[in-house]
Each structure stands twice: as structure tokens, then as C-alpha cells.
Amino acid sequence: MSKMLSIAKYEYKMQIKRIAGWIILLFVLASSMMDCLPVASNLARIEFLGDIHYYVRRVFSFDGLILLFGILFLTAGRMVDDRKTHRRDLFMTAPIGKCSYISGKFVGNFLYALTLMYALLLISLASFILLSPSAVPIGEYASAIFSVSFCIILPATFFVVASSVMLPELVDIRLVYLVYSVVFLVNAFSTDQAEPAPFYIFTQGDLAKLIWQHPKYLEIHVGSACLNLAFMLGIGVLVIILVAVKRQFWRTE
Amino acid sequence: MYPSLTVRDFVGYMAEIKGVKNQKKVMQILEQVDMAQFANRKISQLSGGMKRRVGIAQALIGDPRILIVDEPTAGLDPEERVRFRGVLSRFAKDGKCVLLSTHIVEDVYQLCEQLAVLRKGTLFFCGSPNDLLSHVGGKVKIIELENETDLISLQKKTVVLSTTYEHNKIQARIMDENNRFSVQAVPETLEDAYVYCMGGKSYE
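Chains as they are written, first to last, in the working numbering: chain A, 14 to 266; chain B, 45 to 248.
Next up, chain A with everything else stripped away, as it sits in the complex (with noise of 0.2 Å):
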């Protein structure tokens, strides 16, 4: 658990100190604010900003799908990069077990995603707080946070992580970056629907209707959330069991 715990660190660290991630970070935020900030301009675009739930939902349906795109490529080939440049020959004179190196890995990624997501939550909030025409109550901020954690920044984060640390380590790294590319556009140029869509993956479809509802369509299809859910945790899981039981894992010869 320790060997876990000090690998997760220092692949936090590592990856804190990126310039790229706060870049991608600071490119995120500006979007987000030039399209969500509830100022009268926005406002008479698009009418429901100043609900926080729609706000945060809005935020995270696009600029945070866009986040999400670069962490891709900020946490992709974090252990085949230690194959690859024997860095992996060091662990293995330690000693430490593959499921320790790979949950280390896997954690320290998934923290440091996490980190960009909710800085890109909580500085919209706070850039919120500051421009709302009416006062929210703190519940409703708490509700709003409650809700795009759990129905877009968990599942999704950690959908991208564990695909993006792991099946580089299972398939080719370019064709990893292919088909997320293609998962990542079909997703952005998705639009909220009245139809049950369960593969709208990651900020669209029935799952993100839970943090904010379009007052035309009133009905969510529950199933169609769960199997949204299911998706993305279900090829998380995936990915890290498929390289927890891979052979030859320390030695490629």
C-alpha cells in the first residue's frame, strides 16, 4: 500500500508541475467564461445562466469536454513511457507488484485530472458568485456541486484516466489517440435530445439532464443515464483489469 501511495505521489507531482495541463487549464477557463459567465451579453443569448445547475452543466458540457480532451493527452503513455524508456526496470529491482505500480499510476493521474477539473469548477463558480444578477443560496451552490460531480467529473474523469493510462499499455498509442479523438468529437457535436441516447457519453445525454433539465423535455429516461454510467465506469474497470492480468507485463521479450 505504501509502494501504491509513494508511486501515486510522485506521479502527482510530476504531472502537477506540467506547463502544458495549466495552459490547456487557462485555454478552458477563458472559453468558459466568454460562453457561461451569466453577464448580460450571455445572458441574452442563452436565458438560463443564471440558474446554477444549467451554469455548471453548460460549463462542463463543452470547455469541460475540452479539458477532458487534453488530459487525454497529458495522462496517455504514463506507463508505456516507462517501458518503453526502461524506466520500468527501476520498479522492478525494488521490488513492487504490478497491481501497486499500475493503482500507483492509476491514482496519481486520476488525482491530477481531478485537480484540473474542479480548479475549472470551483474558478467558475467563484467567477459565478461574482457576475450573478440575483443572489443563489448556498445550497443550491452545494446541489449544483453535488450533481456535475457525480454525473459528469467522476465518471468521466475517470473514464478518460483509466482509458488513457491503461489501453496504451494493451494497443498501439496512436490508436488510442484515434478513436478517443473520434469519441471525444461525437460527443461534442451531440446536442441535448428528447430520445433516450445511452452512448451519448461523457457531458451529454440522459446523465447530464440530472444536474439540469431543458424545461421542453421533461422526461429522463432513467435507463438510458444508468447505461450512460455504466459505460464509462464499466470500461474503466475494463481497462485496468485487462492490464492487471496481462502477461508479461515487466518484460516484453
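Keep in mind that the hints were calculated from the coordinates and are not lab data.
Fair warning: there could be bad hints in the mix.
For lysine-lysine, the following DSSO-like pairs were computed, each having C-alpha atoms within a straight-line distance of at most 30 Å [said to hold, decoys possible]: (1) A:K259 / B:K86; (2) A:K97 / B:K137; (3) A:K111 / B:K164; (4) B:K62 / A:K111; (5) A:K16 / B:K200; (6) B:K137 / A:K22; (7) A:K16 / B:K183; (8) B:K213 / A:K16.
If you want the footprint, here are the derived chain A segments under chain B, 3+ residues with CB under 8 Å [to be verified]: (9) 101 to 112; (10) 169 to 183.
Quick reminder that beta carbons are idealized off the backbone N, C-alpha and C, glycines included.
The hints should help you fit chain B onto chain A, whose structure is shown.
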């Protein structure tokens, strides 16, 4: 090594996963390999020699009894090579064993009490450097030749260890096993003995 980590962090990381809780040990080890003054420098900013000393530091952190190093001084400048030899000697002085694999004969001569020569995957010689030297003692000579034709004919008669070209003449360092050349023998080196080993002559 992780280029974004500092020397202290990297060795600290390795210490933690080896179960060494005492972080003071990290600085002690860095002092041992002459890297304490660069503890806060990033790995990416280190020279090749410094990186190898960090590599040795992470290997020493678990207090091993045996240290196996493969070509540790290849590609290093002379100053760094001397420093690296010092690091290995310091480790060995406490009665610990260093297994050094190298093609740099000077390193073997300076460092090793025992050496083994492998030829085509089999153990060809095992003993002390002086044992190896004694096999070529008094048999290494330098012959001056006029041209390449002379060199080719010399190679047919004896083992040529090395050649140098000076003032349009060729100086051949040879192994005169049967004392066929009436030239004064020169002091033999471990490199002569090593080349002779690789030349296919058995000492049996």
C-alpha cells in the same frame, strides 16, 4: 529516469518504493556519489556522467551487497570517468562486491581485483589483472615497418596487437610468443593482454 524530477526527488522516489523511510539517507547517498551539490537540479539538466552517478545513487539506496554495472563509463569524459571510478571504489571498500562489465580496459586495471574475459559467450580467462599480464610479460614488442605489405606479411607470422602510422612508417605492436624478433620488449599493458585474448590464443 524521470527528466522532470530533481535529483533529490528522483532518488527520494526510489528510496520510498524500496521502503527506505529516512529521507536523510537520500542526501547521504548523494554525498557518496558527489551529487549533493546538484540535489535540486532537474535530471534533464544533468550531463551524461551525472546521470550515471544518479543511477548509482538509486542503486545504492537499498544498501545492496552486490552492485552490477554495465559499461558505466562508456561515453564519459576522462574527468567524469575518474570520478565515477572513485564512486565504485568507495562502495567496494566496505567489503561489498561490484560486478563491472566493460570494454574499457583502463577501468578494469584501475578498479578490479579479479577479472574474467568472455570470448564468444564462454569464460576464457579468470584471475587477477596481474595474472593476465603475466601471460604476455616480456613478449610485447614494437616493430617498425615500411609499408602495408610488410604489415600483412607480419600478421601471417604473429599476433599484431595494434598499429600506428608515423612519418610514413608503420609501428606495429606485436606479441612475440616464440621470441622470433630480436627487438627489446616493451612494458606490457592490460589492453595488450586483452587483445591477445581476443586474438584467439589460448593460455592452456
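Hint check results:
no.: 1; hint: A:K259 / B:K86; verdict: violated, 34 Å
no.: 2; hint: A:K97 / B:K137; verdict: violated, 35 Å
no.: 3; hint: A:K111 / B:K164; verdict: violated, 36 Å
no.: 4; hint: B:K62 / A:K111; verdict: holds, 15 Å
no.: 5; hint: A:K16 / B:K200; verdict: violated, 62 Å
no.: 6; hint: B:K137 / A:K22; verdict: violated, 36 Å
no.: 7; hint: A:K16 / B:K183; verdict: violated, 58 Å
no.: 8; hint: B:K213 / A:K16; verdict: violated, 65 Å
no.: 9; hint: 101 to 112; verdict: holds (count 5)
no.: 10; hint: 169 to 183; verdict: violated (count 0)
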